[in-house]
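A.B. asks: Taken in sequence, the protein lines are chains R and F. Per the numbering used here, the first sequence starts with residue 1, numbered consecutively. Per the numbering used here, the second sequence starts with residue 1, numbered consecutively.
Everything labelled a hint here was simulated from the structure, so no lab data went into it. There could be a bad hint or two in this list.
Stated by the list, open to error - Computed list of lysine-lysine pairs in DSS-like fashion (alpha-carbon distance at most 27 Å, straight line):
{"#": "1", "chain 1": "F", "residue 1": "298", "chain 2": "F", "residue 2": "216"}
{"#": "2", "chain 1": "F", "residue 1": "354", "chain 2": "R", "residue 2": "21"}
{"#": "3", "chain 1": "R", "residue 1": "21", "chain 2": "F", "residue 2": "283"}
{"#": "4", "chain 1": "R", "residue 1": "292", "chain 2": "R", "residue 2": "158"}
{"#": "5", "chain 1": "R", "residue 1": "125", "chain 2": "R", "residue 2": "21"}
{"#": "6", "chain 1": "F", "residue 1": "216", "chain 2": "R", "residue 2": "21"}
{"#": "7", "chain 1": "R", "residue 1": "125", "chain 2": "F", "residue 2": "325"}
{"#": "8", "chain 1": "F", "residue 1": "283", "chain 2": "F", "residue 2": "179"}
{"#": "9", "chain 1": "F", "residue 1": "354", "chain 2": "R", "residue 2": "158"}
{"#": "10", "chain 1": "F", "residue 1": "298", "chain 2": "R", "residue 2": "21"}
{"#": "11", "chain 1": "R", "residue 1": "255", "chain 2": "R", "residue 2": "178"}
{"#": "12", "chain 1": "F", "residue 1": "254", "chain 2": "R", "residue 2": "44"}
{"#": "13", "chain 1": "R", "residue 1": "125", "chain 2": "F", "residue 2": "24"}
{"#": "14", "chain 1": "R", "residue 1": "55", "chain 2": "F", "residue 2": "254"}
{"#": "15", "chain 1": "F", "residue 1": "354", "chain 2": "F", "residue 2": "75"}
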Amino acid sequence: MADQDGPRRVAPKTAFFNDPKIRSIIYQLIVMGIIVAFVVAVAKNTAANLAAQNKTTGFDFFVQPSGFDIFFTLIPYDRTSYYWEAFVVGLLNTLLVSVIGVFFATILGFIIGVARLSSNWIIAKLAMIYVEMMRNIPLLLQLFFWYTAVLKTMPNVKGSFVWFESIVLNNRGLYLPKPVPDDRFIWVVGAITIALIGTFTLKYWARKRLEKTGQRFPVFWSSVGLIIGLPAIVWLLSGTNLTFDIPTRQGFNYKGGVGLPPEFMALLLGLVLYTAAFIAEIVRSGIVSVDKGQTEAAQSLGLKDGDRLRLVIIPQAMRVIVPPLTSQFLNLTKNSSLAAAIGYPDLVSVFMQTTLNQTGRAVEVVFITMSVYLTLSLLTSAYMNWYNSRVAMVER
Amino acid sequence: MAKNNTIYVREEIIAEKPAPNLSKGIVGWLRENLFSSVLNSILTVIGVAFLIWVVPILYGFLIGNAVWPGEGVTKADCQAPGAGACWAYIEDRMSFFIYGFFPQDAYWATQEGFFASIMAYWRVNAVFLVGILLIVPLMWPDLPYKGINAILFFAVYPVFVYFMLTGGVFGLEEVPTVKWGGLTVTLIIGLVGIVVSLPLGIILALGRQSKMPIIKSICIMFIEVWRAVPLISVLFMASVMLPLFMPVGMSVDKLLRALIGVSLFSSAYMAEVVRGGLQALPKGQFEAAASLGLNYWKSMFFIILPQALKHVIPGIVNSFIALFKDTSLVAIVGIFDLLKTVLVANLNLDWASKNQAITGYLFAAMVFWVFCYGMSRYSLMMERRLDTGHRDK
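If we strip away everything but chain F, and leave its shape as in the complex, we get (with noise of 0.2 Å):
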């Protein structure tokens, strides 16, 4: 066919044009995201208001003015008017809130230098060394070896910290549960909540959901009891009346029993985050298995768990970091965690001065952020991870 001469047809498509220089760059996301209604504009006034009005203040005391840590810094620079945060007390203080009474290596205490204090307290950053060392390629998701790990984390790592921490063997001073302070107790108290509770809250959920009556009657008020109670007078029962219960003369340590407190406790709530998982999987799973004539623990370890437990690893994590945050309660009861001694630590008058509680609070609750907020993060990647796709998004 000859070319056609129509001269209204156009034969290229017109080149986009820009959009308007209202609605991109800045001042579009400005337009769209902070100005877009009268309503929003008044809420972004306020907004900036409120930050105009906080933020230096913020930065005032926790950086501006506040003291930090140098050559002859002491109480007098905390005292002075203005002064903000008084970190010098936190850095001098420091290994009292990592370690608490926990004693010294005798030969590297007398040396000097930061190689030399790591040292002197090196059974406990042994023991934080392998923790991280055994944590991390666990919780790493492309890595493999998981079950060795496991089972090197929650069996063999509790033993060893053991055996690192109370000595007496292998020519290693003994050192009683009451010379133990700080983080180091706040994270053994984690650590041990998390190593009994979860495989305790798997049985319990499991048992919660057994057809034999009796089973089920016995987990449903254990469950049902622990989850009613307030953590603070399960460590109060726990610290009356573990004693009471041991054969007399028999003493329980104090350490010992808040350990007990806290793991019973937790292991409830996170039956209730399993069962959810349990409950979660379609029936048609519990029958495939029966099918294959596995029997009913075969059939939980190799079918069901795994599902159900993949299921429900962001309800795990949250638990932990609710246990986490839990641990600071023991020192209600009289146990040096890493609350009790900012506590104790608050009193001394070596700093004493108008901010040294609050930058006490200060510190332990940055302490305690960073750990539950990477938790957090954690499992939300996990979740996204996890989400094979079987939910049409």
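With the rest of the complex left out, here is chain R (with noise of 0.2 Å):
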């Protein structure tokens, strides 16, 4: 081996500015000189520039009364209230948008997806001509259309479409009944808890005697009739007495109910057409993506068809899907900002727009702001992380 090869040749010396690892330690040392110039020679700028300005600097501008209104708000607010109020209402009616959006775009995009690859001619190119249109036309453009398109041919509160005389659309938005429980509700949403950590009680169990004795429990009829039946009892048990605060005309307005206003639609409206296209390839890649071979693997072990589909075939698919799934919903959350546009008050608008341009504090807002987004977009990656290293394929 090596020692019978004579002395072990010592390695050539090289010049020190050669050696890879000295080498690695001063091009860091360089990079990290020039980005440190960098952010001192911003920073010193910024100041000079601020001071030229004679604008003053910090977050105290949180506690001072905004002075400006905002027509649609989750919390109690007026142009009394502080900026922190304002950031807050901003940052609820991104999420509003965000959450509904990805519940109806998730629907729409699963429905969409797997028309695409239905075996019916006309469905899978209905199909397939929505995502080329929604998925090449951009977002903003889809906005200020459906804005448009909306709001301008809708007819004005004298004229509102009814439906059930509760639920009203005019061109001032959309109203909807507002439940409004009464004291002994609170049984019924307890019913519904126990209901629900029942059925999870009741799979894990189910599982466990699967595996046990190879015997099965319909467990999704008993779940079912769990959590609609054991809230019906208490609900008939408890007398409670749900009743709807139903919109009605006032003068020039509809008043009471659940009121949406047209931008809040035409921007959730967009969204989900826009996003679910894009969900729709992806279920579409996710479905395709499971080999033939699995199909008829489950088949030769004589599964039925309905547990194939739920034990072989989604399993796999959803592990292509869930991934960049996530990631569009992170999307569609970012492209809500896009409200700044058709003038929904979400986060950009309320704060990076209108509290900027009152405060002038330009460096505190777009932290913040950057900061929200960044927290959002690390929590989903966070979630993206564990779910990938739970379902990851264990290759032999």
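Assembling the complex is the task here: the two chains are given apart, and the hints tell you how they should meet.
C.D. replies: Here's what the structure looks like:
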């Protein structure tokens, strides 16, 4: 071996600047130096600019009265409220439209994704046309289109569309009946909670039993019975009386119920229809990615059609679908910032536009807004990493 | 051997019988694709009903009842009850949609005819023409001289565009960027985004794969921060913060601010695409490059990147599509791109009518759609071409 070749040769001495380790340290120091110099220069310039414009800095504006109104808020807010309250209003509005948007976009996306793979020629082509149209047109343009189409073409208050005498649609928005629970309704909520816990326990027990004895338990139907039946019984027994606050016309406008302004509707519509096209493509590629051999293998094991889908195909498709799906959810949340263009008061519109213009605290406001989105993004990627590690394929 | 006279052995193969009438031709196709089951038939009926409902409405609005440009067509025609899309309005404002406020050439503006209308904006049109002449051979897979072509497009062409549009040299009239507008600006932002984000994205991706901890963490931070925030907040930041970052008294051109924002934003996305390609390469390629004695940059440029980039061409084109769609966001910070010119023109009273705004949006949507769909088709084609069969199919 090496010993028999005589004395081991010492590696020729290299100049220190050719040593990869030292080189790497030097490179990194140079890059670090450039970046530090850049940051210092920027900070200096910013300070000088702010001083030249006689602008103060700091986060004290948070506890000053904002002095502007927001027409759509989830918490009590008026022009005497503080800036931090305006911030919370914007954040909640962003989260509201994102959560509802994610819900509907997922449903629509799955339907269209499956439709694209349909053996029915017309349905598959219609789904394809939808996808190719939606994802090749900028979202902002679609928002403007929906806003104009929704706002301009709706009738005025006098000629409102009214369905079931409780749902009202006009050019000031969509009005839905609002459920008003009484005191005893808390029992029904409790029953729903118990039913949910019971379902999970049942599922766990049934699986253990299946593994032990091979006997099956109809988990799905018993869960449905539990979740619907238990609250229904409690509802009847407690004698609770759920009333609805129905929107009614008073003078020149509708009052009561839940009022959703057209800005919200347009933003939601645009986000849902746009994101659904991307989700549809993700779902399609997920389903296609499951090899045909898996279906055949499941069939040769004697699994029924439903079990084959539930136990073999869907789990493998989900592994491909979920990671890009989460990033679409994040995209939808980020895209909701386009609200600024059509006047829906989301975080960017309330905080980065109005607050920034009023207070002039550009650095602080930009920093906070970006931190919010960064946090949302980090939370999403943390979830995605957790999910990936859970479902990752165990390779041989 | 004597001829076997057994009568039941056939000596020739029976000719194939034609397929049953129900499983061939149009009938067979219909049965297989539209009426293969009860559910399928129901879906077909629903789909056909939907088409019968929608197609006449769309046809009427877009073509049948639409107001087409012509002699003496005015807004009164578009205001008529039952009138569809007001295409005459688009035709009337076309030069605004394409060139914005770019000044016309003094001589040709006074001339009549189609040629004169092209020559009135000859500077912008020259930019378009040279762009097409460079980009078509670059994208055409079979044509040679890709290297020179790429250098011309990525390095020389932007300089040409800059001098051609800003002017001030070679006797060209100087045009400030606030006068640029329309499709020109949309394409410029897209072009600059592509030209900057591709190399910057490659460098960031390499930095993220680097073994040097400081460089790696800087690249990760840069990429993750840009990817986490919405582009609109980046544009707001660029428009309010960049002036603050500059030395006192120095101002940054408004268009330049947006260009910087868009370019940095899209290079973070590009970096992730390129990283996918780097990770897909087997480790043996890196080791083979090292064993040839190539240093880091040589092994990257001659061995690793050509393979990695080839893998991710569809991904790169997809992020170009996203970038191109995102250029429309600069309208919010007040830059006259295609969308902004449409928004402004929609307020114009010369064509005030019910469908004016919708027609404007439809026009902008069609322009964006043609570009984006074209790019995505191209990426599909490249994907098929470059699939050199390493995977067993």
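A.B. asks: Can the restraint linking residue 125 of chain R and residue 325 of chain F be considered satisfied, given a maximum Cα separation of 27 Å?
C.D. replies: holds (24 Å)
A.B. asks: Starting from residue 125 of chain R, check that the Cα of residue 21 of chain R is at most 27 Å away, please.
C.D. replies: violated (59 Å)
A.B. asks: Residue 354 of chain F and residue 75 of chain F were given as a pair; does the straight-line alpha-carbon distance stay at or below 27 Å?
C.D. replies: holds (10 Å)
A.B. asks: Would the hint linking residue 354 of chain F and residue 21 of chain R be met if the CA-CA limit is 27 Å?
C.D. replies: violated (71 Å)
A.B. asks: Holds or violated: residue 21 of chain R with residue 283 of chain F, Cα cutoff 27 Å?
C.D. replies: holds (22 Å)
A.B. asks: Take a quick look at whether residue 125 of chain R and residue 24 of chain F sit within 27 Å of each other, Cα to Cα.
C.D. replies: holds (22 Å)
A.B. asks: If you draw a straight line from the CA of residue 216 of chain F to the CA of residue 21 of chain R, is it 27 Å or shorter?
C.D. replies: holds (15 Å)
A.B. asks: Keeping to a limit of 27 Å between CA atoms, is the pair of residue 55 of chain R and residue 254 of chain F held or broken?
C.D. replies: holds (22 Å)
A.B. asks: Compare the distance between the alpha carbons of residue 254 of chain F and residue 44 of chain R with 27 Å, and conclude whether the hinted pair is satisfied.
C.D. replies: holds (22 Å)
A.B. asks: Would you check the hint for residue 298 of chain F and residue 216 of chain F, treating anything up to 27 Å between C-alpha atoms as holding?
C.D. replies: Holds, at roughly 20 Å.
A.B. asks: Straight-line Cα separation of residue 255 of chain R and residue 178 of chain R no greater than 27 Å?
C.D. replies: holds (11 Å)
A.B. asks: Are residue 354 of chain F and residue 158 of chain R close enough, with their CA atoms no more than 27 Å apart?
C.D. replies: It holds: about 20 Å lies between the C-alpha atoms, which stays within 27 Å.
Hint check: violations occur at hints 2, 4, 5 and 8; the rest are consistent with the structure.
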